[in-house]
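Student: Single-letter residue listing:
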Amino acid sequence: MPTFDRRTVDERATVVVIEGELDIGSADALRSALDAAAAEGTAVVRLEAAGVHFLDSSALGVILAAGQRLAERGSRLELANATPAVRRILEMTLITRTVHVIP
Amino acid sequence: MPTFDRRTVDERATVVVIEGELDIGSADALRSALDAAAAEGTAVVRLEAAGVHFLDSSALGVILAAGQRLAERGSRLELANATPAVRRILEMTLITRTVHVIP
Amino acid sequence: MSDSDRLSVTLSSAPGNLPLVRHAIRGFLDASDVADPPAGEVLLAVTEACANVVQHAYVGDPEPGAIELEAELSGNRLVISVRDHGHGFAPRLDSPGAGLGLPVIASLTDRLEIRPTPGSGTEIMMAFALNEAA
Amino acid sequence: MSDSDRLSVTLSSAPGNLPLVRHAIRGFLDASDVADPPAGEVLLAVTEACANVVQHAYVGDPEPGAIELEAELSGNRLVISVRDHGHGFAPRLDSPGAGLGLPVIASLTDRLEIRPTPGSGTEIMMAFALNEAA
Ligand SMILES: Nc1ncnc2c1ncn2[C@@H]1O[C@H](COP(=O)(O)OP(=O)(O)O)[C@@H](O)[C@H]1O
Ligand SMILES: Nc1ncnc2c1ncn2[C@@H]1O[C@H](COP(=O)(O)OP(=O)(O)O)[C@@H](O)[C@H]1O
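Protein chains in written order, with the numbering used here: chain A, 22 to 124; chain B, 22 to 124; chain C, 4 to 137; chain D, 4 to 137.
Don't take each hint at face value.
[Stated by the list, open to error] Which stretches of chain C does chain B cover? Using the computed rule of at least three CB atoms under 8 Å from a CB of chain B, they are:
#	segment
1	34–44
2	120–134
[As the list claims (entries may be wrong)] If the Cβ cut is set under 8 Å, some of the chain C residues that face chain A in the computed set are:
#	residue
3	Ala93
4	Pro94
5	Leu96
To be clear, the hints were calculated from the coordinates, so they are not data collected in a lab. Because the structure is a prediction, the values reported are computed rather than measured. In this text, a Cβ means the ideal position worked out from N, Cα and C, and glycines have one as well.
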């Protein structure tokens, strides 16, 4: 099971540090973690993804939905330090329009 | 192009008589016809489908969406006299939960 | 000496051409005495494959591209391929469709194959086993 | 005298088994010196195919069914098949997914084949051409 360590930093970003592999077995946990992060009400929700070594289309769907909801209220979802495994599916699906990918 | 002949009958059903083949080339026309029928506000919208000799998944999607919208306001969508071509895709997708198919 | 019937059609990828696709396939199936079912299933699968070319293969291009349709019937085996020279198969988050096309095709066929067209684009091969109907 | 490596694994169709699927495939690819890329692409395609078995193949059944995974590498051609003995391929209007699985698989593979498993269920065959990386 992946772990989702959440904290609020000064710049009003909620940072979610994700470790593990994201697939349909962890999609519910991911959804809850993103909902809880969005509920902090900060301008930015940033996923620290350096520890994500696998991400499938169901996790992508969860991230996309969260990004859309944040965008609707004027916040934004950032994805930082994406590994090659994460970049692969992001680029394939051009999700970069909704989610801000930070090198 | 299919034609969509619409009228309101005594029993407060709006009947849409559809003639032709329904695919992505006619999906917009189908959507408009169903929207206009729903706007009549009757309890029933009935699609007379004896003249529909082809129906693809995009037309099915349009019909399903209309059926859901009607169900939300307490109305219902009926599909009458479906040809084998229409039944085939209805049954494959079990759409019969939202749309009332009348033999 | 032909124990195999063939059809080969190239059309522009415009939505208005889908009835023409069905017309060509209907004619081919009629000429080969294919009954309905499964003729209706074949028409549905081929329409879905061609609709995908219309909606996805050439997305972003100023002009429609080509849909290349080939059908071959030998014995009770019907193979239909739909080829485009578009940008290649790719998932689309902004798809205008409900995502039913490929599942419908897969459930109607006895074998569905998807592979890149040499050069560029996608080829979809659909095989149907015709179990002699009436 | 084996110029071809094989892997064969059968697992129960539970979501918690997907990491095991990747573990098995990773081990197989490592043992065969397959680089990344394309190892990551292979893992993604196989996960999507197995996730489909978990979510769709045995829908309505009280117990999970089997996922049969086979991989064969000969020369630079890797073929992985995922087989289930479920209710067969069918479109689902109530799918819990976003409809990205098949398109993702099709875009990652050099050939995707879908056909019924003899008896019941679905077999998905994915072919990858490994263009010798570093
Ligand atoms: N010929 C094609 N070329 C490129 N991409 C395609 C093609 N056919 C299908 N696709 C991709 O596969 C996805 C799934 O297709 P389909 O199941 O028919 O659903 P829909 O068309 O409703 O999205 C499409 O959204 C698109 O991303
Ligand atoms: N192994 C399978 N058995 C039965 N049906 C399947 C199987 N795999 C896929 N399907 C059908 O194909 C559809 C499309 O699959 P996919 O593209 O992965 O999208 P999603 O799983 O998000 O719906 C599914 O919704 C389901 O109806």
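Student: Against chain A, with CB atoms and a cut of 8 Å, does the hint on Leu96 (chain C) hold up?
Tutor: Interface hint status for Leu96 (chain C): holds (5 Å vs cutoff 8 Å).
Student: Given Ala93 (chain C) as an interface hint, is the shortest Cβ-Cβ distance to chain A below 8 Å?
Tutor: Given a least distance of 7 Å, the restraint on Ala93 (chain C) holds.
Student: Are at least 3 residues of the segment 120–134 of chain C within less than 8 Å of chain B when you compare beta carbons?
Tutor: Coverage by chain B is violated for the segment 120–134 of chain C (0 residues, Cβ < 8 Å).
Student: Hint check: is the beta carbon of Pro94 (chain C) less than 8 Å from a beta carbon of chain A?
Tutor: Holds. Min distance 5 Å.
Student: With a Cβ-Cβ cutoff of 8 Å, does the segment 34–44 of chain C contain at least three residues near chain B?
Tutor: Held - the segment 34–44 of chain C has 4 residues with a Cβ nearer than 8 Å to chain B, which meets the minimum of three.
When held up to the earlier numbered hints, the structure conflicts with hint 2 and nothing else.
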